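Please work from the sequences and hints to get the whole structure.
Per full-length UniProt numbering, the very first residue in the sequence shown carries number 1; after that it's consecutive.
If you're looking for bench data, these hints aren't it; they were derived computationally from the structure. Remember, predicted model here, so these are calculated numbers, not experimental data. Every residue, glycine too, gets a C-beta built ideally from N, C-alpha and C. There is no bait here: all hints are sound.
Computed beta-carbon distance windows for the label pairs:
no., residue 1, residue 2, range
1, V380, D57, 55 to 63 Å
2, H267, C289, 13 to 21 Å
3, S102, T164, 33 to 41 Å
4, R81, I182, 25 to 33 Å
5, E244, H127, 33 to 41 Å
6, D241, P163, 28 to 36 Å
7, D154, R81, 18 to 26 Å
Quick list of in silico lysine-lysine cross-link-like pairs, DSS-like style, CA-CA up to 25 Å:
no., residue 1, residue 2
8, K72, K159
9, K428, K377
10, K364, K393
11, K393, K368
12, K342, K369
13, K343, K356
14, K30, K247
15, K100, K88
16, K270, K52
17, K339, K393
18, K377, K342
19, K401, K356
20, K343, K401
21, K368, K343
22, K356, K339
23, K377, K401
24, K364, K377
25, K393, K369
26, K423, K368
27, K423, K364
28, K175, K72
29, K428, K393
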Amino acid sequence: MNDSDQIYPTRDIHHYKNLTSWPEFTIYDKTIDGLIPSTRLDNWEDFHSVVKSYRNDEEGAEYIYRGQHNFKWELQPSLDRLISGAIKEEFAKKQIRNFKLSIRGRVPDNAILHEQEEELWAIGQHHGLATPLLDWTMAPYVALFFAFVNEDPDSWVDKDGNPTNYSRSIYILNKSFIEDLIEDEYTDPLVDGYPKIVEPSKDDHGRLVNQAGLFTQAPYGETIESAVLRALVDSEVDVDDPTEVSKYICKLHLPNSKEIRRDCLLHLRKMNIHHASLFPDVIGASGYCNDLISEYIEKHKSSSTNTIKNNVIIENRNSNEIVSKDKVRKEYVINETNKILKKLISSLLVIDNVEKSVNESQLKTVSKKALEFIEEKAGVDWYVRDSQISRLKNIIRRNLKRVAYPDDFISEAAHSLAHEIAKMSFEKERDSKVSQSSTFKRVWGSTEA
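Below is the structure:
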């Protein structure tokens, strides 16, 4: 067969789909994954199998994990990113010296100025200093959280507006192997060109403890990837065998979408993995509240869609039925003199001969109960908030049952009364709530009183 006759596999635009599925590893695209063996998970739930596999490692090795938002991001500390490459020792020394000078008088205990360099780097890392340290965690699901916690920016799209961050990634590193590179307590692996595990003794804010956090540091002029591969070569490990190298360092690609992200974070919250638990400070509390309100808004959007669908059905009833209701309301004599109550009672007349089942006094009682809720509990703009609309309808339905209103028409009557009260509330607040007009129309189908 000639070269021109050979058939090559079609490359999928979604990088992770070109990779072998877990637990098989490959080196497919060095421009994205470098020389780190990579694999794909078909869904984030498959991560459970990964955790089980590394937890039950036959050799008893300990592993650490790092979640990253974008599948193209390298294992690159913040100081390296400033120069787009492995940091030189000269720059690092300049950075740590400036940090020492700048925090004088700004920290409660000046003793930290005399801490070992790696301790200072760790303190600086917590406070936003660009450092040669890279964050990792002993807890795999914490890494999963950090892989999915941030939403994709609106700018991460192609010219047609399609998302380009096809997958999130999690790196796994053999901690035991890195620690074994230290022959004795006086040996500094960085001097030998090997990576180093950094576990600070100080954690004033509790984040490292809550996140089971630690750091790695690569030798100056090296990346963590190149330093690990150097150590593997010196340890007689076959670095040309992705399966073998994956025992020491590897990269997982997890499919990414808004729905996948939401589902994953909800699951993690049930495991008590969220901003508030991982960041025991005001920043963590704020992040946790942001997550909760985002979830609430998402649910609100969904329920609004359902409300619209239900209202379309109700609003689109045939004209004969509407005429019939008008006829019923004209034939039913209402003696109530209060205009508001009279209008509300009238809204409950959705069937013929309703007076055979309930009297005006009973309908007035139901109407008053509904008004009490609006005045005392519903709050501002209740008529465009699905949760409050549902509460009102539940109250009306319960009270209609108590007065023996015909069961088959209770839901219809509840909607009719709720709609009438909503229109009244809307009209009352219209002058100060002009912006709610379109929202009211979307929820109820009309702004006509």
